[in-house]
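Trainee: Those protein sequence lines, which keep their order, are chains A and B. The working numbering puts the first residue of the first sequence at 1, with every later residue one more than the last. The working numbering puts the first residue of the second sequence at 204, with every later residue one more than the last.
Hints listed in this document are in silico derivations from the structure and should not be mistaken for laboratory results. Where a beta carbon is used, it is the ideal one built from N, C-alpha and C, also for glycine. Among the clues, some could well be false.
Some residues of chain A that are not near chain B, with every Cβ distance over 10 Å (derived) [as the list claims (entries may be wrong)]:
| id | residue |
| --- | --- |
| 1 | 30 |
| 2 | 44 |
| 3 | 84 |
| 4 | 95 |
| 5 | 111 |
| 6 | 133 |
| 7 | 134 |
| 8 | 147 |
| 9 | 161 |
| 10 | 180 |
| 11 | 188 |
| 12 | 190 |
| 13 | 195 |
Dumping the calculated DMTMM-like pairs for lysine to aspartate or glutamate here, alpha-carbon to alpha-carbon at most 20 Å [claimed, not checked]:
| id | chain 1 | residue 1 | chain 2 | residue 2 |
| --- | --- | --- | --- | --- |
| 14 | A | 164 | B | 838 |
| 15 | A | 77 | B | 415 |
| 16 | B | 410 | A | 67 |
| 17 | B | 387 | B | 415 |
| 18 | A | 85 | B | 243 |
| 19 | A | 79 | B | 246 |
| 20 | B | 495 | B | 457 |
| 21 | B | 381 | B | 415 |
| 22 | B | 455 | B | 518 |
| 23 | A | 164 | B | 518 |
| 24 | B | 531 | B | 553 |
| 25 | B | 760 | B | 704 |
| 26 | B | 409 | A | 168 |
| 27 | B | 413 | A | 130 |
| 28 | A | 125 | B | 246 |
| 29 | B | 384 | A | 180 |
| 30 | B | 878 | B | 848 |
| 31 | B | 409 | A | 161 |
| 32 | A | 51 | A | 180 |
| 33 | A | 164 | B | 243 |
| 34 | B | 577 | B | 497 |
| 35 | A | 164 | B | 515 |
| 36 | B | 615 | A | 67 |
| 37 | B | 384 | A | 161 |
| 38 | B | 550 | A | 137 |
| 39 | A | 125 | B | 553 |
| 40 | B | 381 | B | 243 |
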Amino acid sequence: MKIRTCIFAVVILLLSIGPQVRADSTSSREYQVKAAFLYNFIMFVDWPPEKMPDAGTPIIIGIIGKDPFGDAFEPIKDKQVKDRKVIVKRFKGLEELKKAGEAELNQTIEIIRKCHLLFVCSSEKNSLREIFDLVKDYNVLTVGDTGSFLDGGGIINFVTEEGKVRFEINDVVANQAKLEIRSQLLRLATRVIEDKTSQEAKD
Amino acid sequence: MSTQKQIINRLFASLLMLGLISGLSLQVFAGEKDPNGKADYFDMSIEDLMNVQVTTAGRKEQSINMAASNITVITEEEIKNSGAQTLADILERLPGVYVATQGSGIKTVYIRGIGERYNDKTLLLVDGYPMRDLYYYSYSPDETIPIGNIKRIEVIRGPGSSLYGTCAYAGIIDIITKDAKDLKGTEVMSGIGSRSSQQHQILTGKKWEKGEVTFFARYLDADAGKVERDETGAFSGQPRYIRNAVFHLKAKYEDLEFQTGYYRTTTPDAMAAITIDETTVKEDMFFRGGYKREINERLNMQAKVYANLQWEEADQFTHNSSGVLTKKKLTSKQSDIIGMDIQFQYKLSERNDLVFGVTYEHENLEHYWAKTSKASTGWVESYSGWTAKDGGDEPEPIRNHSISFYAEDEFKLIPDVLHFTAGARMSRYTQTGSNLSPRFGIVWMVQHDTVVKLLYGEAFRCPSYREMYKQPGDPLVDKPEKIRTTELLISHNLSSNHHLEISLFRSDLKDYIKTLTTGGYENLKHRSTKGIEAGLKGKFPKADLTYFANYTMLQTKDVDLGGIGGVPENMFNAGLTYEGIKHIAISPHVQYISKRNRPNDYHSDEDMAAEIQRNNLGSYSLFNIAVRTRDLPFELCFSVRNVFDKRYYSTSEKGQYDTQGTGRIFWLTLAYTFK
Chain A
1 MKIRTCIFAV VILLLSIGPQ VRADSTSSRE YQVKAAFLYN FIMFVDWPPE KMPDAGTPII
61 IGIIGKDPFG DAFEPIKDKQ VKDRKVIVKR FKGLEELKKA GEAELNQTIE IIRKCHLLFV
121 CSSEKNSLRE IFDLVKDYNV LTVGDTGSFL DGGGIINFVT EEGKVRFEIN DVVANQAKLE
181 IRSQLLRLAT RVIEDKTSQE AKD
Chain B
204 MSTQKQIINR LFASLLMLGL ISGLSLQVFA GEKDPNGKAD YFDMSIEDLM NVQVTTAGRK
264 EQSINMAASN ITVITEEEIK NSGAQTLADI LERLPGVYVA TQGSGIKTVY IRGIGERYND
324 KTLLLVDGYP MRDLYYYSYS PDETIPIGNI KRIEVIRGPG SSLYGTCAYA GIIDIITKDA
384 KDLKGTEVMS GIGSRSSQQH QILTGKKWEK GEVTFFARYL DADAGKVERD ETGAFSGQPR
444 YIRNAVFHLK AKYEDLEFQT GYYRTTTPDA MAAITIDETT VKEDMFFRGG YKREINERLN
504 MQAKVYANLQ WEEADQFTHN SSGVLTKKKL TSKQSDIIGM DIQFQYKLSE RNDLVFGVTY
564 EHENLEHYWA KTSKASTGWV ESYSGWTAKD GGDEPEPIRN HSISFYAEDE FKLIPDVLHF
624 TAGARMSRYT QTGSNLSPRF GIVWMVQHDT VVKLLYGEAF RCPSYREMYK QPGDPLVDKP
684 EKIRTTELLI SHNLSSNHHL EISLFRSDLK DYIKTLTTGG YENLKHRSTK GIEAGLKGKF
744 PKADLTYFAN YTMLQTKDVD LGGIGGVPEN MFNAGLTYEG IKHIAISPHV QYISKRNRPN
804 DYHSDEDMAA EIQRNNLGSY SLFNIAVRTR DLPFELCFSV RNVFDKRYYS TSEKGQYDTQ
864 GTGRIFWLTL AYTFK
């Protein structure tokens with residue numbers, strides 16, 4: 001009797017709370033927060049003028065590999081950064097693209113090079129150097145969350161410390177990609193790899 | 204209608220009401236809710252995002268939402284806003300937690316009605332390492348544990364022996380201290396409080412690419428004044444007199460970490476101080492080392508070694524009414540715990556995480572006492588003794604050891620939607636033999652904002668050395684206390700800013716250790732506890748307001764003797780923090796504790812008569828407030844506990860005496876960070 005009463009009460013509670021039961025899985029809080037970080041990074045990074053030719057050109061966030069974000073970017077549809085819309089494009093992993101054929105590979109690479117920010121998923125950790133080589137002359141802010149991301153040539157890497165999301169920055173690679181990372185963002189990073197000459201210039 | 208049916212009906216009505224309220228609240232808070240059901244992380248600044256807790260830092264990092272436990276995280280900001288000065292001040296705001304004051308000024312933390320004088324029913328961890336006294340298997344949630352270097356506290360209500368072993372019985376309190384990377388400079392704090400109390404602390408650290416060092420030191424001198432009995436016969440004069448010095452050093456280098464620390468506490472025994480002068484000096488020293496290694500992309504390893512060394516001396520002097528010294532009692536204890544834990548985390552597949560490991564502990568206790576009385580012929584030894592196995596004739600240290608194997612598997616049937624967890628720990632203790640503690644959990648994210656958890660766990664507590672060896676001869680206590688808990692937890696985001704949690708739980712406690720009137724102990728009792736906890740917390744950003752409120756309904760029962768005394772049936776907490784005034788945070792807090800029954804354990808005609816006259820266990824409400832500066836180079840905090848100096852009481856374990864709770868106490872602290 002007690003158990004049935006409790007179960008009944010719980011069912012009532014759940015019905016009150018949740019009329020919608022989502023069939024698809026959603027992103028974890030960790031990746032919802034990381035999605036918001038990516039959105040914020042755009043505000044603190046300046047691209048060269050040739051990357052932002054027209055006032056109406058949207059800012060493109062690319063995700064390459066096995067996407068952990070799910071629908072975390074849904075809210076971004078209604079938001080703007082630097083008076084521009086932000087759109088998200090998803091790409092298959094590099095190995096998968098190679099298997100798809102040269103035409104699709106080349107076409108996708110062209111689109112990837114147009115991204116302003118490229119998040120490289122952990123599924124691509126064995127292809128990091130190759131991906132960085134593909135985008136190195138195209139002013140792309142590369143972001144990841146694998147251990148060797150910065151050492152391999154990435155620009156921003158997420159780390160988790162004591163249950164909270166943090167990030168580290170390789171400002172040397174950012175300068176090579178002609179990206180200006182503002183000091184407010186550099187100050188918040190847990191680790192910054194920087195070129196001493198450029199640091200003196202900023203000071 | 205029977206009491207049981209009344210409770211069921213109340214429970215059902217409460218759930219129905221909460222269900223309707225939360226359903227209605229979807230409309231009230233709709234303006235703040237993202238139409239797609241996501242929290243508004245995109246509206247947060249980077250600094251705010253860096254404060255979002257995405258995982259716990261327990262045995263393995265995992266999402267709080269999907270962890271198969273009832274976890275509450277208390278942040279540094281919440282601790283500062285509360286003006287809390289002790290761990291007990293922080294814990295008593297949680298649902299299901301009641302803090303009582305015992306005769307010696309000891310604070311006892313009851314989780315869901317389960318607790319004992321020396322807090323041996325809850326496991327205290329600091330940075331994942333157990334901290335407990337060996338003689339009582341206890342810890343003190345009072346001024347002896349500094350809170351000035353706490354980054355976060357994770358409290359698990361419910362059994363945790365499957366991963367942590369003995370004493371993780373009613374719950375686990377894990378204090379995570381700050382590292383150098385959490386500091387903005389060297390933090391210095393000084394404070395003064397009621398009755399000329401003072402405290403001073405420093406927290407500093409340095410971080411470089413591959414490592415960091417953190418140092419913390421605190422000195423506290425809190426004077427309670429002389430202990431007296433009030434008109435009801437209860438002990439008063441709280442808070443107790445205490446002097447405490449703490450040093451804590453942490454060093455990390457890549458995957459290695461090392462900690463050492465020293466605590467020294469001097470206290471009088473408040474109960475004794477009426478005609479007896481007693482001073483207890485307790486010293487703790489610990490050494491801890493840890494190493495983490497990623498063996499391959501699927502397998503991680505964590506190894507820990509630790510040593511806790513304790514020394515305690517108590518000198519007690521009794522005077523007669525003329526002030527002449529008549530008795531002397533000198534006690535000394537030395538205890539050591541040396542332990543080692545090796546744990547592996549293995550990713551069996553994308554959906555299956557396995558944690559397994561082994562823990563070994565060695566315990567060593569030496570306890571001596573000598574009592575002399577003044578007779579006409581001079582000082583005469585009344586008795587002397589030592590704690591020894593089998594009441595041996597020769598003083599010898601007691602040595603025990605334990606070895607435990609544990610494993611826990613989390614299977615994500617649907618990742619981040621439906622998870623199953625199953626785990627168990629097999630332990631073998633010298634004192635009590637083998638023991639198995641299983642644990643199961645189903646965690647279901649019904650929809651994005653709602654998580655349901657169904658949890659079952661068993662835990663145990665080995666009898667302490669006091670319980671086993673205080674009386675000479677074979678100990679009557681030869682079994683661990685055991686508990687089985689079943690819990691249903693519903694967690695729901697009413698909106699991106701408001702969160703509701705409801706928990707229904709039931710625990711059965713067997714072989715509960717009872718204090719005998721002869722002074723010994725025996726596994727005699729069978730108890731149960733059940734109830735409901737409901738909590739609401741959130742914020743109104745436009746009003747610069749954050750709030751929390753929780754309610755607990757509890758029914759505890761002693762199957763053999765009737766009711767369990769001293770524990771309230773209803774508890775309520777509510778508080779808020781208002782930051783609408785620039786650079787100021789104001790945090791009032793109100794707490795309600797319902798009446799408590801006196802324990803039935805102590806039976807005596809004489810005391811029954813006295814008991815009738817002592818009606819100290821009625822309900823009471825306390826009001827606390829803290830005001831502090833924020834976002835300034837310095838931090839000034841003024842806190843007052845029990846603003847209206849409400850008089851309230853707790854009763855002792857057997858009900859033979861009452862103790863007045865802490866009266867009005869204030870603290871004014873000033874902290875500055877040197878960058």
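Trainee: Work down the list of hints and note, for each, if the structure agrees.
Mentor: Here's how the hints hold up against the structure:
1. 30: Per Cβ check, residue 30 of chain A is inside 10 Å of chain B; nearest 4 Å; violated.
2. 44: violated (8 Å)
3. 84: holds (15 Å)
4. 95: holds (16 Å)
5. 111: holds (24 Å)
6. 133: Holds: least Cβ distance 23 Å, greater than 10 Å.
7. 134: holds (24 Å)
8. 147: violated (8 Å)
9. 161: violated (7 Å)
10. 180: At roughly 17 Å from the nearest Cβ of chain B, residue 180 of chain A sits farther out than 10 Å, so the non-interface label holds.
11. 188: violated (6 Å)
12. 190: violated (6 Å)
13. 195: Given a closest Cβ separation of 16 Å, the condition holds.
14. A/164 x B/838: violated (24 Å)
15. A/77 x B/415: The given pair, whose Cα atoms are some 42 Å apart, is violated under the 20 Å limit.
16. B/410 x A/67: violated (34 Å)
17. B/387 x B/415: Holds: residue 387 of chain B and residue 415 of chain B sit about 14 Å apart, inside 20 Å.
18. A/85 x B/243: Holds. Residue 85 of chain A to residue 243 of chain B sits at ~18 Å (cutoff 20 Å).
19. A/79 x B/246: holds (10 Å)
20. B/495 x B/457: holds (9 Å)
21. B/381 x B/415: holds (11 Å)
22. B/455 x B/518: Since the Cα atoms of residue 455 of chain B and residue 518 of chain B sit roughly 40 Å apart, the hinted pair is violated (cutoff 20 Å).
23. A/164 x B/518: The given pair, whose Cα atoms are some 48 Å apart, is violated under the 20 Å limit.
24. B/531 x B/553: Answer violated: residue 531 of chain B to residue 553 of chain B is near 66 Å, above 20 Å.
25. B/760 x B/704: This hinted pair is violated, its Cα atoms lying about 25 Å apart.
26. B/409 x A/168: holds (18 Å)
27. B/413 x A/130: violated (28 Å)
28. A/125 x B/246: Since the Cα atoms of residue 125 of chain A and residue 246 of chain B sit roughly 31 Å apart, the hinted pair is violated (cutoff 20 Å).
29. B/384 x A/180: violated (25 Å)
30. B/878 x B/848: violated (40 Å)
31. B/409 x A/161: Status holds; Cα separation ~17 Å.
32. A/51 x A/180: holds (13 Å)
33. A/164 x B/243: The given pair, whose Cα atoms are some 17 Å apart, holds under the 20 Å limit.
34. B/577 x B/497: violated (66 Å)
35. A/164 x B/515: violated (40 Å)
36. B/615 x A/67: Between residue 615 of chain B and residue 67 of chain A the Cα gap is close to 18 Å, so the pair holds against 20 Å.
37. B/384 x A/161: holds (10 Å)
38. B/550 x A/137: violated (38 Å)
39. A/125 x B/553: Given that 20 Å is the threshold and the Cα spacing comes to 16 Å, the pair holds.
40. B/381 x B/243: Given pair residue 381 of chain B, residue 243 of chain B is violated - Cα atoms ~28 Å apart, limit 20 Å.
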